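Whole structure, please, built from the sequences with the hints as guidance.
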Amino acid sequence: MKRSNQLLALLGLLTASAGVFAAGADLGQAEKQATNWTAIIMFGAFVAATMFITKWAAAKTKSAADFYTGGGGITGFQNGLAIAGDYMSAASFLGISAAVMASGFDGLIYSIGFLVGWPVVTFLMAERLRNLGKFTFADVAAFRFSQTPIRMFAASGTLVVVAFYLIAQMVGAGQLIKLLFGLEYYIAVVIVGALMMVYVLFGGMTATTWVQIIKACLLLGGASFMAFMVLVQFGFSPEAMFAKAVEIKTGLASAAGKTPEEAAKAGSSIMGPGSFVKDPISAISFGMALMFGTAGLPHILMRFFTVPNAKEARKSVLWATTWIGYFYILTFIIGFGAIAFVLTNPQFLDAKGGLIGGGNMAAIHLANAVGGNVFLGFISAVAFATILAVVAGLTLSGASAVSHDIYATVIKKGKADSASELKVSRWTTIALGIIAVTLGIAFEKQNIAFMVSLAFAIAASANFPVLFMSVLWKNCTTRGAVIGGFLGLISSVLLTVLSASVWEAVLGNAKGSAPFPYTSPALFSMTIGFVGIWLFSILDNSERAKIDRAGFLAQQVRSETGIGASSASGH
Amino acid sequence: MEMDLANRIASHPKYQELKAKRSSFGWILTALMMIVYYGFILLVAFNKEFLSQKLGAGVMTMGMPIGLGVIVFTIVITGIYVRRANSEFDDLTEEIKKAVTK
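Line by line, the protein sequences are chains B and A. Under the numbering used here, think of the first position of the first sequence as 1, with each following residue one higher. Under the numbering used here, think of the first position of the second sequence as 1001, with each following residue one higher.
Misleading hints may appear alongside valid ones.
What the hints assert, rightly or not - Below 25 Å or equal to it, Euclidean Cα-Cα: the simulated PhoX-like pairs (lysine-lysine) are: (1) A/1098 x B/315; (2) B/546 x A/1019; (3) A/1054 x B/265; (4) B/546 x B/474; (5) A/1097 x B/311; (6) B/423 x B/60; (7) A/1097 x B/315; (8) A/1054 x B/244; (9) A/1048 x B/258; (10) B/311 x A/1098; (11) A/1048 x B/265; (12) A/1048 x B/244; (13) B/311 x A/1021; (14) B/474 x A/1019; (15) A/1048 x B/315; (16) B/474 x A/1021; (17) A/1048 x B/474; (18) A/1097 x A/1014; (19) B/265 x B/244; (20) B/413 x B/244; (21) A/1054 x B/258; (22) B/315 x A/1019.
Keep in mind that the hints were calculated from the coordinates and are not lab data. Small disclaimer: the values here were computed from a predicted structure and weren't measured.
The following block contains the structure:
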C-alpha cells in the first residue's frame, strides 16, 4: 500500500495545484506572513483598473444577452486570452512550479494532462457549440430534446461543478492571501467574494472577460520575465540549467546522509519519471478526467458563445491552447529555476531546510530572487488577481444556469422577458457570492485537495457525455441523456467519496481502507455515463423519443453549417 | 429552422462533402492526440528507463524533449485543424449557404 500512498500524496499535492490552491494541509499550516505593502498597493492598482472597466462594462450590460455573452462582439484572439485567463489558476502557477521543484519531470507529466483536452475541444466541440448554442451549454444539449428534464440536468451538472471548483478557489484564495499579503483568512475570502460579485453583478460577461484578459496578460508577462531571468543565468542553455539542478539535488541528498551513489541517483531522478504514475489504471483514469473534463467545464463552454461565429470560436481555442501550452513550459522553467536559486539560498529556507511559507511558495521566492521586492509584490498581486478572474467566470456560469436554464426556460417556458431574466441572474450572482464566501470560511480547515479533480471528473462523466451524444448520435433521446447524465454525475461523486482522497483524508478512515482503489473515477464513471445514455436511449420507445430522433437532421445541419445559428447577441 | 430548408441542405452534395471531410479529419486528429497522450502516459507507467535514458554526455534525458514535444504537438495539431477548418470547411459552408438561400 505504501506505493499507492506515495502516489496519492503526490496526486494530492498536484490536484491541489490544479485549478485551485487546494493544498489545504500544506497552506493551512502556513503561518501568516508580515503585511506586504508592495503587493497590496499593486493589487490595489489592479482592482482600481478593473473597477474602471466594470463601470464601462456596466453601461453596456442592458439585456440578458449582454450579461451572458458580452453582446457577442469579442474577437477570437481576445476570447482565447480570456479562456486562458479562466483556465490558468494561481494554483497551477504556484502548484505546478512547486511540483517541478520537488520532483522535476513528474511536474511536467501533470501539466501535460491539463493541456491535452484542448485539441479534443477544438475537433469535436467548439464550432458545434457555437453553431447550436446561445448562452449556456444546456442550449446545445437541449436543442432537440424536451426542454425541462434536460435543462434540469444541465443546471445540476453546472452547479455541482461550479460549487466544487468555487469552494476550492475560495479556500485557496484565503490561504494564499494570508501567505502573500499577511491578511487574515476571512478578510481575504470576503474581499474575493465582494470583488467578484461587483464584476459579475454590474459588468456581466464583458467585465468578466476583460478581468480575465488583463489577468492572463499579467500572469503570462510575469511568468515570462521569471523564466527569462532564469535562462539568462544559464546562457539560455537548458543543459546547463538541468545540470545545475541535478548537482543541487545531489548535494542536498548527500547532505541528508545518503551514500554518494544514492545521492547521485536522487539527483538525476528529477530528469525522468518518478512516482507520479505507479498504477496505470489511475494514470489513465486521471488523464481521462483532465482530457474530457476540459470539454465539459461549464464556465469554459460558455465562453464560446461570446464570439460572433464558428470561425472565431476556432481561433479562440487555438489561441487559448497556445497560451496555456506556453504557460506550462514557463512553469517548468520556473520550477527548475527554483531548484537552482531558491533551494540553496538560506534567505528562503526555514530552520528545517524547508521553504518559508510551505512548498507551494517556490515561484514566489524565485520572484524575489530574480526581481527583488518589487517583483515579488507584483507576482503576489498577480496571484490574487488570478483567483478573482477564475472565481468571476465560475459565478457567471452558475448564475446563467439558474437564470437562463431554470428560470427562463423551465419556469417561464421560454417566455421570460430579458429584463426579468437579467434581474434573476443578478440576484443569483449575489446569492452565489454569499454562498461562496460562507462555504469558503466553513471549509477553511478542511482537506479539500479532492475538489478540483472531482469537478473535472463530474464534467467528464456527466456534462461531456450528454453534450457529445446529443450532438453526434442520432438515436440519443431525452430520457437516455437525462438518465445517463445523472448516472455519470452520481457515480463520479460516489466513487470519489469511496476513494482514498475523501474516504481516508477527509472522513478519517484507516489508511488503505478506501473501497475504491484508484485516484480518479473518470475511467469508470465516464463509461457508466456513456453506456447509460446509450442503453436508455435505445430502450426508449416513447412518443417523445420519436420527436427527439426526428429532430436530429435539422440539428446536424445547423451544427455543421451554422445556418440559422443565433448571432451571439441576438434573441 | 424549417424542415424543408434543413432537408434541402442535407441533400446538397456539398453538404455531404463538408460533413464527410470534417468528420473524418476531426476523428483522425482526435485519434492522433489520444495516441500521443496515452502513449506518453503508458511510456511513463511501463518504461521509465526509456524516458530516463541519457541523450549525451550531459544530464539531458530522452524524457525532456519527448515531454516538451507533447506540449508542442498539442498546439500544432490544434493549429492544423483550425487552419483547414477556417479556410476549406468555411468556404464549403459559404457555398452551401449561397446555394440554398438564393
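Hints, verified against the model:
no.: 1; hint: A/1098 x B/315; verdict: holds (24 Å)
no.: 2; hint: B/546 x A/1019; verdict: holds (24 Å)
no.: 3; hint: A/1054 x B/265; verdict: holds (13 Å)
no.: 4; hint: B/546 x B/474; verdict: holds (11 Å)
no.: 5; hint: A/1097 x B/311; verdict: holds (15 Å)
no.: 6; hint: B/423 x B/60; verdict: holds (15 Å)
no.: 7; hint: A/1097 x B/315; verdict: holds (22 Å)
no.: 8; hint: A/1054 x B/244; verdict: holds (16 Å)
no.: 9; hint: A/1048 x B/258; verdict: holds (23 Å)
no.: 10; hint: B/311 x A/1098; verdict: holds (18 Å)
no.: 11; hint: A/1048 x B/265; verdict: holds (14 Å)
no.: 12; hint: A/1048 x B/244; verdict: holds (22 Å)
no.: 13; hint: B/311 x A/1021; verdict: holds (17 Å)
no.: 14; hint: B/474 x A/1019; verdict: holds (15 Å)
no.: 15; hint: A/1048 x B/315; verdict: violated (37 Å)
no.: 16; hint: B/474 x A/1021; verdict: holds (19 Å)
no.: 17; hint: A/1048 x B/474; verdict: violated (43 Å)
no.: 18; hint: A/1097 x A/1014; verdict: holds (10 Å)
no.: 19; hint: B/265 x B/244; verdict: holds (15 Å)
no.: 20; hint: B/413 x B/244; verdict: violated (65 Å)
no.: 21; hint: A/1054 x B/258; verdict: holds (23 Å)
no.: 22; hint: B/315 x A/1019; verdict: holds (20 Å)
Checked against the numbered hints above, the structure violates hints 15, 17 and 20; every other hint is satisfied.
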